[in-house]
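Peer 1: Sequence:
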Amino acid sequence: MSIFSKLFRRKAPPRAVLEIDNEFTAFSGTAYGNAAFRSAVDAIARHAAKLQAHCKDSRLETVLQKTPNSYMSAYDLLYKTAAAYFTNNNAFLLLVRDEQGLVTALYPIIPASVEFKPGTDGEIFLDCLFPDGRQVTFPYSDVIHLRRHFLSNDLSGETNAPLFPLLDTAQTLTQGISASVKNGTSIRGVLKFTSLVNPAQVKAEKDKFVADYFNPENSGGIAATDQRFDFVPTNVTAYNVPREQIEAVNGQIYDYLGVNAAIINGSYTEDEFSAFYESVIEPFAMQLSGEFALKCAADVVFTPERMEFSTADTKIKLLHEAAPLGVITINEARHLLALPPIDGGERRLQSLNYVSAEKADSYQLNESEENSNEETDKKQ
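Read in order, the letters of the sequence shown are residues 1 to 380 in the UniProt record's numbering.
What the hints contain is simulated information worked out from the structure, not anything from laboratory work.
Warning: the hint list may mix true and false statements.
Below, a list of computed lysine-lysine pairs in the DSSO-like style, where the Cα atoms sit at most 27 angstroms apart [unchecked claim]:
#  : residue 1 : residue 2
1  : K317      : K295
2  : K66       : K56
3  : K295      : K117
4  : K117      : K56
5  : K315      : K50
6  : K80       : K315
7  : K208      : K66
8  : K315      : K295
9  : K50       : K203
10 : K295      : K56
11 : K80       : K317
12 : K203      : K192
13 : K56       : K80
14 : K80       : K66
15 : K192      : K208
16 : K192      : K206
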């Protein structure tokens, strides 16, 4: 039984539908089939999946943080949503509600095509066609919709058409490498017979020659022949695709997605990750928050554990500056240092060297009066 069979057992009542020329078709899959493109999307999705959802509605927060649905963890949900977002420039999350309209589950859906249709009551519906041929219609108000390259279409993000020529170039380079390897190991030489020999004998002599001299056991590297044939080696020069070309093409693919090689292979610096978060992950998180505010009337904030990627010096400096102000709890400080929480660690400690802003004026006034009294006593 599929997810949709379980969720939608009853048939929705028929609705009058008007024709609307507003359709989104997902990318054919060629982009995600490219190794460079997929590795970049995977790197983005892995970091996006680390976002933590925070909401004043504890019930909704539990759904987002722990049990988005019976098939996925919160990490899986965010990973798949981010992967679809950066691959198709559109990502859809289906909101499942109870009889009171409260969200009880979320399912990422990746249809082959989506058509936006208005109903008679002015509400928009999503007519989704899935790869298995199933066609399901959802109210747009029950779908979290994230869009990338959102410009000419009224409701959906653009396709990856500008990327197609670059992917074709990458495919050509890959095929060139494969062909180069095959050509370099194809024909090693020619056996030239000095007399007429029938085809069966030619094949037998060739197989025997290969078995005797073109195997690892022939450690001497010497081949012996008689007057029946001559061995003429062929000089095949393999064409090597310049590494600079491959890196240039991959770099353009990475630029299209807003990442670089350091983010993908995990060799990034603190500043590089900060720039990556602010330019790629943060806009994704802001879209998620905005859609939840619109579709669920809930203030949901998605925050990262950015300090986990900071250097030890940065972490120590943060603790030195923030802890005396009571900004973080004991357990938050321990988490920053990769230490387990302790009982009573939710307390906030604050230095006595600081005073509340509301009491600063009265504190200074009292101090001024004390100084004045001391001067009066000295005069007396």
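Peer 1: Against the structure, test the hints numbered earlier, and report the numbers of the ones violated in rising order.
Peer 2: As far as the earlier hints go, 1, 4, 6, 7, 8, 9, 11 are violated by this structure, in ascending order.
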